[in-house]
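Please build the complex by placing chains P and Y on the supplied structure of chain E, with the hints as guidance.
Single-letter residue listing:
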Amino acid sequence: MKIRAKLSLIIIILIAAFTAGCTDTSLQTAEESFITITDDTGIKVTIQKYPQRIISLAPSETEIFCALNTGDAGISLVGRNDYDDYPEEILSVPSVGGPQTLSIESIVSKDPNLIIATTVSDKTTIEQLRNLGYPVLIFKLNTFEDVYRNIETLGNALGLEKAAEDLVFGMKADVFEIQGMLIENENPKVMYVVSASPLYVAGNNTLQNDMIILAGGENIFSDLDGYFVTSEEAIINREPDVIILPSGHGSMDVDFKGQFLSKTELNCVSAVKNNRVYTVDANVVSRPGPRITQGLELFYRCINGETQ
Amino acid sequence: MAIEVKNVRFGYSESNDVLNDMNFTCHDNRVTGIIGPNGCGKTTVLKVIAGYLRPKSGTVLYNGRHTETLNSAELAKLRAVVEQSVYTPFSFPVYDYVMLGRTPYQKNFSADSEEDHRIVTESLKNANALSFQTRKINELSGGELQRVMIARALAQEPDFLLLDEPTSHLDIRHQLELMKLLSEISREKSILCIIHEINQASAYCDDIVLTKGGYVLKEGNVSDVLKTDNIEDVFGVLAMQFKHPQGGKNQFIFSLPPENKSEKKLRVHVITGEGRGRQIILSLKSAGFLVTAGILNIGDQDYDTCMSSGIEVVSAPPFSRYSDTEILKLKKMCDCADVIVFVATNIGFGNLANLETALGYMNKKEFIFVNTDINFKKSDMTNGRATEIYNHMAKNAKVVFNVDELLSELL
Amino acid sequence: MYKRRNTIIASAGLFVLTLIVMLFSTGVGESNISPQTVFAILTDFISGRTPFWTPGEEVIVMDIRLPRIVLGALIGTSLAISGVALQSLFRNPMADPYILGISNGAALGATIVFVYGSAWAFSFYTLPAMAFIFGLSTIFLVYRVAKVGNQIPVNTLLLSGIAIAALFSAVNSFIMFTGGQNLQQIMFWTMGGLSGRGWDYVWIMLPFTIAGVIIMLSLTRQLNAMMFGEESAQYLGIEVEKLKKILLITTALITSAAVSVSGIIGFVGLIIPHIVRLVTGPDHRILIPASIFAGAMFIVIADMFARIIIAPAELPLGVITALCGAPFFLYLLRSKRGEL
Chain E
1 MKIRAKLSLI
11 IIILIAAFTA
21 GCTDTSLQTA
31 EESFITITDD
41 TGIKVTIQKY
51 PQRIISLAPS
61 ETEIFCALNT
71 GDAGISLVGR
81 NDYDDYPEEI
91 LSVPSVGGPQ
101 TLSIESIVSK
111 DPNLIIATTV
121 SDKTTIEQLR
131 NLGYPVLIFK
141 LNTFEDVYRN
151 IETLGNALGL
161 EKAAEDLVFG
171 MKADVFEIQG
181 MLIENENPKV
191 MYVVSASPLY
201 VAGNNTLQND
211 MIILAGGENI
221 FSDLDGYFVT
231 SEEAIINREP
241 DVIILPSGHG
251 SMDVDFKGQF
261 LSKTELNCVS
271 AVKNNRVYTV
281 DANVVSRPGP
291 RITQGLELFY
301 RCINGETQ
Chain P
1001 MAIEVKNVRF
1011 GYSESNDVLN
1021 DMNFTCHDNR
1031 VTGIIGPNGC
1041 GKTTVLKVIA
1051 GYLRPKSGTV
1061 LYNGRHTETL
1071 NSAELAKLRA
1081 VVEQSVYTPF
1091 SFPVYDYVML
1101 GRTPYQKNFS
1111 ADSEEDHRIV
1121 TESLKNANAL
1131 SFQTRKINEL
1141 SGGELQRVMI
1151 ARALAQEPDF
1161 LLLDEPTSHL
1171 DIRHQLELMK
1181 LLSEISREKS
1191 ILCIIHEINQ
1201 ASAYCDDIVL
1211 TKGGYVLKEG
1221 NVSDVLKTDN
1231 IEDVFGVLAM
1241 QFKHPQGGKN
1251 QFIFSLPPEN
1261 KSEKKLRVHV
1271 ITGEGRGRQI
1281 ILSLKSAGFL
1291 VTAGILNIGD
1301 QDYDTCMSSG
1311 IEVVSAPPFS
1321 RYSDTEILKL
1331 KKMCDCADVI
1341 VFVATNIGFG
1351 NLANLETALG
1361 YMNKKEFIFV
1371 NTDINFKKSD
1381 MTNGRATEIY
1391 NHMAKNAKVV
1401 FNVDELLSEL
1411 L
Chain Y
2001 MYKRRNTIIA
2011 SAGLFVLTLI
2021 VMLFSTGVGE
2031 SNISPQTVFA
2041 ILTDFISGRT
2051 PFWTPGEEVI
2061 VMDIRLPRIV
2071 LGALIGTSLA
2081 ISGVALQSLF
2091 RNPMADPYIL
2101 GISNGAALGA
2111 TIVFVYGSAW
2121 AFSFYTLPAM
2131 AFIFGLSTIF
2141 LVYRVAKVGN
2151 QIPVNTLLLS
2161 GIAIAALFSA
2171 VNSFIMFTGG
2181 QNLQQIMFWT
2191 MGGLSGRGWD
2201 YVWIMLPFTI
2211 AGVIIMLSLT
2221 RQLNAMMFGE
2231 ESAQYLGIEV
2241 EKLKKILLIT
2251 TALITSAAVS
2261 VSGIIGFVGL
2271 IIPHIVRLVT
2281 GPDHRILIPA
2291 SIFAGAMFIV
2301 IADMFARIII
2311 APAELPLGVI
2321 TALCGAPFFL
2331 YLLRSKRGEL
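Quick mapping for you: the protein sequence lines, in order, are chains E, P and Y. To convert, note that position 32 of the first sequence is 32 in our numbering; the numbers rise steadily by one, no gaps. To convert, note that position 250 of the second sequence is 1250 in our numbering; the numbers rise steadily by one, no gaps. To convert, note that position 299 of the third sequence is 2299 in our numbering; the numbers rise steadily by one, no gaps.
If you're looking for bench data, these hints aren't it; they were derived computationally from the structure. Source: prediction; values computed, not measured. Honestly, I wouldn't trust all of these hints.
Said to hold, decoys possible - Computed spacing ranges between beta-carbons, pair by pair:
{"id": "1", "chain 1": "Y", "residue 1": "R2005", "chain 2": "E", "residue 2": "N204", "range": "56 to 66 Å"}
{"id": "2", "chain 1": "P", "residue 1": "K1077", "chain 2": "Y", "residue 2": "P2035", "range": "50 to 60 Å"}
{"id": "3", "chain 1": "Y", "residue 1": "S2047", "chain 2": "E", "residue 2": "D174", "range": "53 to 63 Å"}
{"id": "4", "chain 1": "E", "residue 1": "N205", "chain 2": "Y", "residue 2": "I2309", "range": "15 to 25 Å"}
{"id": "5", "chain 1": "E", "residue 1": "E306", "chain 2": "Y", "residue 2": "D2044", "range": "26 to 36 Å"}
{"id": "6", "chain 1": "P", "residue 1": "S1168", "chain 2": "Y", "residue 2": "I2309", "range": "51 to 61 Å"}
{"id": "7", "chain 1": "E", "residue 1": "E239", "chain 2": "Y", "residue 2": "S2047", "range": "20 to 30 Å"}
{"id": "8", "chain 1": "E", "residue 1": "N204", "chain 2": "Y", "residue 2": "N2006", "range": "46 to 56 Å"}
{"id": "9", "chain 1": "P", "residue 1": "H1196", "chain 2": "Y", "residue 2": "F2015", "range": "46 to 56 Å"}
Even for Gly, the Cβ is constructed at its ideal location relative to N, Cα and C.
Bound-form chain E, shown alone (with noise of 0.2 Å):
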């Protein structure tokens, strides 16, 4: 294995002097081509620099490269996953397959010298892929600090840090402005709800907490962490104000809100009695990727009654 390692990584090396050879007209030290970044599973992983071919196995790590990547430092994305659907222009890169159904070869055959994923994608594809000498960063994505951190280090390994910081600037900034506005009532009680059958909601340490909290909520599934299925009781017993359902996941177009009202056990709930279930789209409040300020933003205006 070692041996292996060591072999792929020569292997490495020479190809990257040839390239760099070929680009520039001075040799490079093998040391000043390459950086070291430790990814969120702790992983310390050794990245070209600076890498041109990426490939994305997760949507949101799709937005971000593109929401980096606006100017000309000639990085491109040669392949991305089937869930990808925004912005609209990735569409026409070729897909290596969805998030348990990635396809190796054409990962492979797109010789990518970067390869992002997130801590949903599959472990197994992930782990060969670094046995055959492919850098990949794992990024966790659970709160808007996760974001940002994403954001940061994906610039460093690009060589776009100040695209990165600009980025997070004006995401900060976003959200400054969101918190700073009115509200409505003081501390209202917000749910999140995933999916309506079974009840599957927001617990702690999700985007969506964040959200609620940001917007200038609470939430009242906050005591667990993550996301779990619930029972209508628990719903009843904790009276939530406002309660938010996404518009479908991905491709699926599922009418949450209508499944969720129809059970007639709920209407005891004060959201439901003052009509205040909202509908938000699901890929800007539940990707983890540069637009979830504005995901914020729909969530403050539920929770402040801006909206239908």
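Only chains P and Y this time, still in chain E's reference frame:
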């Protein structure tokens, strides 16, 4: 009241028939035994009679009623079946197992009636199973289980009891007890029973159905059917018949027939007695020799064997000294014979003539002395005369020690 | 030895016990509602007293807890008696209600709804309806494959059940894999649960359970006879082929109904018959009534734990049934070895 089996044909597959054309009747209040070699369709015909298997053609009639016109419950009131064995992974109490016999009489949701309980207890008593009625069915020994199965069958209050080799898993005492039990039951019910053991069939059955190759070879009264030649036909063994000391039923001893047959129709005369020559006589006969025997006292085991197998014998009254007429007859037979076989027996003054005659033919004919394991001196009750002749024979005649040697000598 | 009086006494006792368990379970949940309040709400329609409780509390007790507890009892009963019947029919202690592939069929139906459901008007009844139809079709298919002439040899039935279950589960995996969405929902459904099931589901399940209970109670003697083999049963005057059909159709209907409303709740149909049998012995005249109540109690208690262990989140019911059921079963098996 009778079970009539008419032209029954049955096979487990389309092309292959196990039963070709079965015809027999199982009469009222009698124990009818079905006997036949392995694979001749005994169990199959029982299952057809019981209504579990449907014949390809032919009919089974219970008291004149066609089984096809009877539903399961009606049939279950007419006949009960005791299978070869019962297996269950569940521990079911014996009493409740016997109560299952009442199923054809009970309605859904109803409780067991007083009468049901009375009949179950009586059945357990009649089957000698009352003592273990509280035990679990999967904890019983083979003999106990067999009796419990019979008790369940009796609880069905059937007219006919069908049993498939009920003694096959039992030790000898349990076998005899069971057969006795069946005889007792047959006073009130008719029994049809597949039996493996021919002597038990002969001792306990009233009628016998002898089957082979999907046909019935013989059916009728036990003494008419269970005869040496029928047994030899069906099973391909040599059967020696004798009377059971108790009750006088026919009993049999079996041996394998010789592997080779004689081409020349040689005439062999066997001088023997005390049952020592039975197997020799039957083997010679079955190997194709023309066998005669004598002089034998009437009632001697060898005499019985010869009689039941149709062998010509010079006989003498029991416990008497051979007369001159009989000795003359013997000599005549020996003159006709190509070979004389002498089988060593105890010799007294009564049968000394046999030995002396044999001695006379020692050099005249082909002579073979079969030296059984007797001690010449001890067997001699003639003050030394017999010992003298024996020693002479042992020294000068062709000596063999058993049937196989004799046969290889003659073939 | 079987005594009818004992059965009646035991059944009455178990019935009362089941009611107590259900009542107790109604008082337990995420929200703290006092037992007095719960009792007052439950008896409200008789006593007609002025409510001193909030409307929310009434909804929680009457429209959330009570229907799922009643539904749990119905499902427990259905799965338990199906298990008893099939163990007798197959003379195999390993038999359970899902042995002929109902669960795999129903799961396929459910997966289709989860993955392609958006294409149709997704109503709450689409899922149970599809699961029911697929579960029943599986049995029908298995039955048709196994049928030889007018007979259904039990071993062929088992084997075709295994083969068709494998086929359906492969198709199921294929759809899940290629569809790639709602995997979590599918998984949660597969592990079974009563979360969010209201009175509608109770009314769906009730006729099946009642019919199943009546049919099984009427067949107790026949089931006893079947334990000793089909041939033996035939000799006792039982129309074996007819009985087999009745048992298959009954268990298929009630199991499919149970799966369609609650997903695949494992272990109940397998262990409840065994646990009851260890106590009562294998006589179906007591085994069936005892299983009716034991199954009901087991699910009600298991669901109670599913609701409260990690509240406000819920565990899949199948996880609890296996988690409590398996060790208890192992304990019984060790302490009363060989007395199945």
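Comparing the hints with the structure gives:
Against the hinted window of 56 to 66 Å, the Cβ-Cβ separation of Y/R2005 and E/N204 comes to about 58 Å, which satisfies the hint. Hint check: P/K1077 to Y/P2035, Cβ distance near 58 Å, so the stated range 50 to 60 Å holds. Taken as a hint, the range 53 to 63 Å holds for the pair Y/S2047 and E/D174, whose Cβ atoms sit roughly 58 Å apart. Evaluation of the 15 to 25 Å hint for E/N205 and Y/I2309 yields a pass: the beta carbon distance comes to about 20 Å.
Checked against the hint of 26 to 36 Å, the C-beta distance between E/E306 and Y/D2044 comes to roughly 41 Å, which is inconsistent with it. Against the hinted window of 51 to 61 Å, the Cβ-Cβ separation of P/S1168 and Y/I2309 comes to about 58 Å, which satisfies the hint. Range check, E/E239 to Y/S2047: Cβ separation about 27 Å, and the 20 to 30 Å hint holds. Checking the proposed 46 to 56 Å range against E/N204 and Y/N2006 shows it holds: the Cβ atoms sit about 55 Å from each other.
In this structure the supplied range 46 to 56 Å holds for P/H1196 paired with Y/F2015, their Cβ-Cβ distance being about 53 Å.
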